[in-house]
Amino acid sequence: MGEGEDPVRPLVPVSDGMDSAREMLVSVAGTIANAAILATVAALIIGAILWGAGVVLQRPGLSQNGVQTIVGAVACAIVAAGLNAWIAWFGQQAILIWN
Numbered sequence: 001m002g003e004g005e006d007p008v009r010p011l012v013p014v015s016d017g018m019d020s021a022r023e024m025l026v027s028v029a030g031t032i033a034n035a036a037i038l039a040t041v042a043a044l045i046i047g048a049i050l051w052g053a054g055v056v057l058q059r060p061g062l063s064q065n066g067v068q069t070i071v072g073a074v075a076c077a078i079v080a081a082g083l084n085a086w087i088a089w090f091g092q093q094a095i096l097i098w099n
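Residue numbers (the UniProt record's numbering): 1 to 99.
Heads up, some of the hints might be wrong.
Unchecked claim - Now the in silico label distances, taken between C-beta atoms and shown as ranges:
1) Glu23 - Ala81: 14 to 22 Å
2) Arg9 - Trp86: 17 to 25 Å
3) Glu23 - Gly72: 26 to 34 Å
4) Val55 - Trp86: 31 to 39 Å
Honestly, the hints are just simulated from the structure, not real lab data. All C-beta atoms, glycine included, are put in the ideal place defined by N, C-alpha and C.
Assemble the whole structure, with the sequences as input and the hints as a guide.
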C-alpha cells in the first residue's frame, strides 16, 4: 500500500450472490429429493412385506400397518418429487424480493 491509501475498502452491497446461493440450494434440494425418493421406495417395499405377512398370517393389525406404510411412502414420494421445483420457485421469489 502506498502512502495515504486507505486500507479499508468501502462495503458495497450487491445481489450477485443470490443467484449462486439459489443454484446451490436447488442442488442441495435435488440431492435431498433423490435420497428421499430412495427412502420411499424402501418404505414401499417394507410396507408391501408387512401387508403380505399380515394377510398370510391372518393378522389384520400387521396388514393395516403395511397399508399405512404404503400410503405414507406414496405421499412422501409425491412431496419429494416436487421438492426441487418448489425450492427453485422459492429461490426465484427471493431474488424478486431482494432486487
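Hints versus structure:
1. In this structure the supplied range 14 to 22 Å holds for Glu23 paired with Ala81, their Cβ-Cβ distance being about 20 Å.
2. A beta carbon spacing of about 38 Å between Arg9 and Trp86 contradicts the range 17 to 25 Å that was offered as a hint.
3. A C-beta distance of roughly 32 Å is found between Glu23 and Gly72, which places it inside the suggested range of 26 to 34 Å.
4. Between Val55 and Trp86 the CB atoms are about 37 Å apart, so this pair conforms to the stated range of 31 to 39 Å.
Violated hint for the displayed structure: number 2, the only one.
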